[in-house]
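Protein chains in written order, with our numbering: chain P, 1 to 759; chain R, 1 to 155.
Keep in mind that the hints were calculated from the coordinates and are not lab data.
Positions of the beta carbon are idealized from the N, C-alpha and C atoms, including for glycine.
Any given hint could be a false lead.
To be verified - Among chain P residues calculated to face chain R with C-beta under 8 angstroms, some are:
(1) Lys17
(2) Phe24
(3) Ala661
(4) Ile674
As the list claims (entries may be wrong) - Here are the computed distance ranges between Cβ atoms for each label pair:
(5) Met13(R) <-> Glu753(P): 33 to 43 angstroms
(6) Arg29(R) <-> Gly269(P): 23 to 33 angstroms
(7) Asp52(P) <-> Ala65(R): 37 to 47 angstroms
(8) Asn52(R) <-> Ile432(P): 25 to 35 angstroms
(9) Arg29(R) <-> Phe115(P): 26 to 36 angstroms
(10) Asn117(R) <-> Thr566(P): 49 to 59 angstroms
(11) Gln70(R) <-> Ser236(P): 35 to 45 angstroms
(12) Ala425(P) <-> Asn117(R): 54 to 64 angstroms
Claimed, not checked - To list a few chain R residues with every Cβ distance to chain P over 10 angstroms, as calculated:
(13) Val12
(14) Asp15
(15) Glu41
(16) Ala65
(17) Glu75
(18) Gln154
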Amino acid sequence: MTTEIGQSSVRSDAVTKTTGSAMFGTDIALPGMLHGRLLRSPVPAGRIVKLDLSQVVAAPGVHGVSTAADVPDRRSGLVLLDAPLFASDFVRYEGEPIAAVVAETRELANQALEFAVLEIEEIPSVTDIEAALAPDAPLVHPDWESFDTSPGMTWPRSGNVVAESFADPEGVEEAFEKAAYVVEDRFETGRQYQAYMEPRMAIAEFDGQRFTIHVAHQFPYNVRDRVAGALDLSPSQIRVIGHHIGGGFGAKLDTGLEPYAALLARQVGRPVRLANDRPEDLLTCQCRENAVIRIRTAVSEDGALLARDVEVLMDSGAHATDIPFLTSIPMHVFGSLYRIGPVRIKTRAIYTNTAPTGAFRGVNGTHLYFALERHMDHIANELGLDRLKYRRSSLQSDGAQLPTGQVLDDAGILSEAFDAIERKAPWAELGIGPNRGVGVAACMWLTNPMPGSVTLKLNSDGTLGVLTAATENGSGAIATGVRQIAAEEFGLSAEQVIVTMPDTDAAAFDAGSQGSRTTHIVGRAVHEAAVQVRARIFETAASLLEAAVEDLELADGAVVVVGTPTTRIPLADIAAAAQAAGGPISGSGSYTTPMPSVNPTCASGLLFPAFPTPTYHVHVAEVEVDPVTGGIRVLRYLVAQEVGRAINPQAIRGQIQGGVAQGLGYALWENLWIDEGRYMQRTFEAYGLPLATDIPEIEIVLLEHPDPAGPYGAKGVAEPPIIPVAAAIGNAVADAIGISINAVPITPERVLEALVDLR
Amino acid sequence: MRIELTVNERKVMLDVPPSETLLTSLRERLHLTGAKEACVEGECGACTVLLNGRPVDSCIYPTAASSETQITTVEGLRGTDGKLSPLQQAFVDHFAVQCGFCTPGLLMTLSALLANNPDPNRAEIQQAIVGNLCRCTGYVQVVEAVEAVVREAQR
Chain P
1 MTTEIGQSSV RSDAVTKTTG SAMFGTDIAL PGMLHGRLLR SPVPAGRIVK
51 LDLSQVVAAP GVHGVSTAAD VPDRRSGLVL LDAPLFASDF VRYEGEPIAA
101 VVAETRELAN QALEFAVLEI EEIPSVTDIE AALAPDAPLV HPDWESFDTS
151 PGMTWPRSGN VVAESFADPE GVEEAFEKAA YVVEDRFETG RQYQAYMEPR
201 MAIAEFDGQR FTIHVAHQFP YNVRDRVAGA LDLSPSQIRV IGHHIGGGFG
251 AKLDTGLEPY AALLARQVGR PVRLANDRPE DLLTCQCREN AVIRIRTAVS
301 EDGALLARDV EVLMDSGAHA TDIPFLTSIP MHVFGSLYRI GPVRIKTRAI
351 YTNTAPTGAF RGVNGTHLYF ALERHMDHIA NELGLDRLKY RRSSLQSDGA
401 QLPTGQVLDD AGILSEAFDA IERKAPWAEL GIGPNRGVGV AACMWLTNPM
451 PGSVTLKLNS DGTLGVLTAA TENGSGAIAT GVRQIAAEEF GLSAEQVIVT
501 MPDTDAAAFD AGSQGSRTTH IVGRAVHEAA VQVRARIFET AASLLEAAVE
551 DLELADGAVV VVGTPTTRIP LADIAAAAQA AGGPISGSGS YTTPMPSVNP
601 TCASGLLFPA FPTPTYHVHV AEVEVDPVTG GIRVLRYLVA QEVGRAINPQ
651 AIRGQIQGGV AQGLGYALWE NLWIDEGRYM QRTFEAYGLP LATDIPEIEI
701 VLLEHPDPAG PYGAKGVAEP PIIPVAAAIG NAVADAIGIS INAVPITPER
751 VLEALVDLR
Chain R
1 MRIELTVNER KVMLDVPPSE TLLTSLRERL HLTGAKEACV EGECGACTVL
51 LNGRPVDSCI YPTAASSETQ ITTVEGLRGT DGKLSPLQQA FVDHFAVQCG
101 FCTPGLLMTL SALLANNPDP NRAEIQQAIV GNLCRCTGYV QVVEAVEAVV
151 REAQR
């Protein structure tokens with residue numbers, strides 16, 4: 001019997017994606033489809049003095065317009081209901097929708113918007129997170145107190161502070177008083193654009209009763225719920241159909257254009273498509289939030305970390321999106337890698353008059369670990385110790401406890417990951433030579449626990465159908481992982497498994513491709529469903545073969561009698577027999593990871609209380625800095641990553657190579673620079689994505705510690721490779737030039753500035 | 001304006017406004033949606049097609065200027081027997097595809113590279129695709145797919 005687990009089986013979508021026949025969201029066209037465009041705020045903050053669309057309505061090809069006057073007077077959101085569909089009185093960020101037009105073509109819609117009369121009186125804006133905390137700072141939302149939250153969710157918030165989480169355990173001050181050293185740092189990190197290749201889009205239809213929305217979205221069920229929230233509908237009035245996704249990286253988890261498409265489709269009675277152009281997409285994307293992090297650590301004479309005091313400020317932009325959840329993450333990071341005493345952590349997400357930020361692969365882990373691991377280098381240097389040896393002597397081991405109280409049963413894997421890197425590239429041999437440096441950074445990260453489900457059916461030709469609302473965002477989690485797991489459960493090859501595209505009318509809830517969850521959660525749901533389906537298969541086969549169920553096994557697309565492999569019956573025959581007898585063979589399964597137990601009183605505002613199914617990672621970077629240009633070249637980059645069990649090693653390699661590439665972009669080049677609330681870049685070229693010539697081949701070691709709860713032991717894989725990159729690069733750059741740069745991206749300008757300061 | 005050109009070895013006649021881009025003509029008039037619209041600035045290469053064998057960003061190339069030319073899109077890469085081209089097959093086998101949105105553009109640029117230089121080294125392959133942005137792969141498995149085609153051809 002061939003085993004699919006551990007095989008680099010080719011992706012189910014690879015052929016159609018190389019022939020051009022794979023249909024992405026932006027490739028979908030429906031009969032009679034019209035095109036919508038949004039009139040967006042040209043300024044970061046202002047009062048709408050006049051909005052006159054009469055000339056827009058009269059423009060050629062226009063079928064309708066919509067404004068705040070046409071929609072329910074309500075705000076909506078993922079967790080805090082603070083976002084109106086259209087600005088009506090005030091605009092709060094550049095790009096905020098004010099009105100929508102629908103016309104025969106995109107060009108006619110664009111031309112019509114030229115006739116809009118929009119007068120905005122600019123008002124003082126808040127565009128800096130530290131300035132936003134000043135007592136006299138203008139409020140982004142003066143009416144913040146009136147906002148509702150999702151049912152059962154409460155957390156501290158006030159004024160421009162959209163969410164706060166605070167942990168103040170006993171003993172912090174005492175530890176600082178007796179410390180031999182107090183090491184202190186301030187870090188500043190940038191706003192990173194997900195820069196998926198397919199701009200966000202949506203097509204909606206309304207048949208007089210129900211909506212159908214076509215998307216290329218990571219989380220179709222969230223589209224359904226968020227559109228319902230925005231338009232005051234019941235979720236089941238909306239059917240969401242998913243198509244191939246041209247990349248998402250977190251930016252296609254929350255809703256975007258879908259509510260506007262639905263609104264316009266209902267208004268004009270024809271399908272309506274909205275698709276961002278690139279500048280608009282960049283301007284309004286829920287990017288990774290910029291942040292400021294301050295850390296102070298009390299250290300004993302012999303290097304013990306006695307206590308820590310951390311303050312994190314995150315820029316939420318003009319709305320909350322999912323940022324309130326992310327204020328919990330520092331609680332899972334700042335006590336995670338190294339043994340430490342009590343840790344005080346105050347995390348605040350701040351409203352500003354900039355585009356709302358949100359989820360990007362690795363969420364705030366990228367900047368939290370940048371701060372933690374740069375700070376760890378600082379401590380080692382302060383003590384005069386080797387940075388690697390100091391880390392290794394301070395590592396957490398099995399049974400370590402996070403500040404939340406969560407116990408990490410297997411934190412000892414960290415040590416193994418350091419060993420694995422050392423074997424491949426000895427630390428003492430790296431970063432040798434002028435202007436060269438080496439950096440190391442580790443991380444611990446979760447596998448998102450949110451629920452998923454599948455229904456399996458045995459087809460009449462002996463293939464297996466998998467019905468799920470889970471999405472293939474490009475990672476391969478469906479196209480390889482789930483498909484291979486399903487094949488393995490039935491002794492099939494991956495080619496004999498067909499996984500549906502998502503459809504919320506057909507498949508039960510799935511929490512979308514986020515937090516490396518799909519292979520782990522949906523794979524486990526497959527396993528649960530397979531138990532029932534196999535039982536029907538064996539029961540049917542037993543009567544056909546006149547054998548006992550316990551003597552049967554599945555192999556190569558057939559049921560065989562153990563020990564007499566010639567006595568077999570193909571799955572196709574079983575499917576036909578079962579269908580005629582008891583009905584077609586199918587079964588369903590669901591899974592969600594039980595949350596690890598934590599101390600609920602360890603912090604206020606702990607909306608995301610634990611890090612289930614943790615994995616462990618060590619990255620090492622070797623760089624060379626050009627002292628004339630300030631440019632940084634990555635000479636070698638190594639990753640040791642714990643994956644539970646590698647279902648498809650080549651697909652995993654692709655996730656690590658691609659994740660590190662995004663991390664290098666974050667570390668070195670990518671940032672939406674903000675000037676008075678406006679992004680200074682509007683195009684890919686100005687933004688500066690990594691090119692083929694910028695990225696080295698990543699040297700990878702996979703570590704396998706199968707998770708008993710995971711399908712064949714698999715844990716989450718795809719998200720962590722981006723997380724420690726900025727930290728490893730930052731440490732390597734500091735080693736190369738002998739001076740700390742505690743900001744990302746580490747641009748040539750910042751390097752030259754540091755070198756000038758040094759002289 | 002009336003334009004005659006050859007697309008994937010098939011003669012076509014188009015009547016287009018002078019400002020229409022080749023990408024729009026291919027996608028909306030000829031229903032060849034393999035070439036993708038991602039930036040419309042000529043920056044990302046997702047819309048790359050071959051014009052007389054040379055890669056062009058079809059999103060900024062006027063259809064009016066493509067009269068009497070031979071256009072090849074990703075849909076035209078398969079052999080007449082329907083089999084994937086060696087480069088397409090290598091993309092499948094070597095995990096050069098993730099989300100796949102940049103894939104058609106990469107395939108066109110790299111097909112042109114291999115037609116002009118059947119034995120490119122790694123640096124030449126990387127240099128060839130600096131105009132093709134890929135956000136998923138970090139490029140290495142794309143480069144490896146090309147190297148596999150070169151190795152196979154030399155066998």
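Verification of the hints:
no. : hint                                        : verdict
1   : Lys17                                       : holds, 3 angstroms
2   : Phe24                                       : holds, 6 angstroms
3   : Ala661                                      : holds, 3 angstroms
4   : Ile674                                      : violated, 22 angstroms
5   : Met13(R) <-> Glu753(P): 33 to 43 angstroms  : violated, 59 angstroms
6   : Arg29(R) <-> Gly269(P): 23 to 33 angstroms  : holds, 26 angstroms
7   : Asp52(P) <-> Ala65(R): 37 to 47 angstroms   : holds, 40 angstroms
8   : Asn52(R) <-> Ile432(P): 25 to 35 angstroms  : violated, 50 angstroms
9   : Arg29(R) <-> Phe115(P): 26 to 36 angstroms  : holds, 28 angstroms
10  : Asn117(R) <-> Thr566(P): 49 to 59 angstroms : holds, 55 angstroms
11  : Gln70(R) <-> Ser236(P): 35 to 45 angstroms  : violated, 52 angstroms
12  : Ala425(P) <-> Asn117(R): 54 to 64 angstroms : violated, 33 angstroms
13  : Val12                                       : holds, 17 angstroms
14  : Asp15                                       : holds, 16 angstroms
15  : Glu41                                       : violated, 6 angstroms
16  : Ala65                                       : holds, 20 angstroms
17  : Glu75                                       : violated, 5 angstroms
18  : Gln154                                      : holds, 22 angstroms
Hints 4, 5, 8, 11, 12, 15 and 17, counting from the list given before, are not met by this structure.
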